[in-house]
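My request is simple: use the sequences and hints to build the entire structure.
There are 2 protein chains.
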Amino acid sequence: MELVLSEITAVLSRTPGTLRALLEELPAPWVEADEGEGTFSPRDVLGHLIHGEKTDWVPRVKLILEAGDSRPFVPFDRFGFRDAIRGVSTSALLAELQSLRACNLAYLDGLSLTRSQLALAGRHPELGPVTLGQLLATWAVHDLNHIGQVVRVMSRRYTTAVGPWKAYLGILNR
Amino acid sequence: MELVLSEITAVLSRTPGTLRALLEELPAPWVEADEGEGTFSPRDVLGHLIHGEKTDWVPRVKLILEAGDSRPFVPFDRFGFRDAIRGVSTSALLAELQSLRACNLAYLDGLSLTRSQLALAGRHPELGPVTLGQLLATWAVHDLNHIGQVVRVMSRRYTTAVGPWKAYLGILNR
Chain A
1 MELVLSEITA VLSRTPGTLR ALLEELPAPW VEADEGEGTF SPRDVLGHLI
51 HGEKTDWVPR VKLILEAGDS RPFVPFDRFG FRDAIRGVST SALLAELQSL
101 RACNLAYLDG LSLTRSQLAL AGRHPELGPV TLGQLLATWA VHDLNHIGQV
151 VRVMSRRYTT AVGPWKAYLG ILNR
Chain B
1 MELVLSEITA VLSRTPGTLR ALLEELPAPW VEADEGEGTF SPRDVLGHLI
51 HGEKTDWVPR VKLILEAGDS RPFVPFDRFG FRDAIRGVST SALLAELQSL
101 RACNLAYLDG LSLTRSQLAL AGRHPELGPV TLGQLLATWA VHDLNHIGQV
151 VRVMSRRYTT AVGPWKAYLG ILNR
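As given, the protein sequences belong to chains A and B, one line each in that order.
Per this note's numbering, residue 1 is the first one in the first sequence, and the count goes up by one each step.
Per this note's numbering, residue 1 is the first one in the second sequence, and the count goes up by one each step.
What the hints contain is simulated information worked out from the structure, not anything from laboratory work.
Derived pair list, reagent style BS3-like, types lysine-lysine, alpha-carbon separation capped at 25 Å:
{"id": "1", "chain 1": "A", "residue 1": "K166", "chain 2": "B", "residue 2": "K54"}
{"id": "2", "chain 1": "A", "residue 1": "K54", "chain 2": "B", "residue 2": "K166"}
{"id": "3", "chain 1": "A", "residue 1": "K62", "chain 2": "B", "residue 2": "K166"}
{"id": "4", "chain 1": "B", "residue 1": "K62", "chain 2": "A", "residue 2": "K166"}
Which residues of chain B face chain A? A partial, calculated answer using Cβ under 8 Å:
{"id": "5", "residue": "M1"}
{"id": "6", "residue": "L26"}
{"id": "7", "residue": "V141"}
{"id": "8", "residue": "I147"}
{"id": "9", "residue": "M154"}
{"id": "10", "residue": "P164"}
{"id": "11", "residue": "G170"}
Glycine included, each C-beta is placed from N, C-alpha and C at the ideal position.
Shown next, in the form of structure tokens:
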């Protein structure tokens, strides 16, 4: 399957609005729920996505365009957001994600990447050789992965509350 | 954990907007993707949720309030939506879901259910004894389950496109 850049940006542009529709003004027990020590609550997911907008995706795009695979990406700190979200309202986090994403998509749009550029090589510090196209596809799937995580974490609050219906709800049985 | 009705409706009321933010005007390859024969595409999920609003959740609430567990629920046809969505735009499906959900939440709100009513018994045709509270909790988790399905189905289109990053994306490894 050939990668279509407009399909990727169609997903990337929808993530902030999707999370806003789901999480804005949602009662605290939902947005603060997690799956135990070291796991993400919906609020943590917002922090993590914001941190990625600032330090991960676009810097890696730039590195590939500037240096190809001659230098590895800077490792991404999955928990680097912890201090930054403390005391910040969920609404403010949603607004920040939306603003950063819009800015990053404007940058991406301005690059007018060609098909041959999508094949440019980069180097992941752990995974090794990757391409610019794979990086952009991953950006989109990473969003979807975390939306999936948010609804899973929320669902688990009700593992007992749903009673025998648990058997029918795949999200509670993974 | 005691069930809080306003927490359930907070989730139920957000689902149509969440799916709209994610799916409205999204390119067809995303909304029509599925996981093979007998599985749901994002469009199918909309059809299934609409069908549930019409034939499943509220009729079951009514049956419990009227007849308790003396009569089992009418079995729900998970694929009963197939004919109804053919040729209908995704945008129209999103609007229909929003409208039906608003209507059903208005009905629920009008019931002013008490804590003791949430303990009322009903009878599921396969699962046996359930309560009204379990039915309502399941309605919300069922929404979240299908949002999770939508993002998983979308993600899988890019299983190959993400290259070696697949190893880091839980949504592609279930």
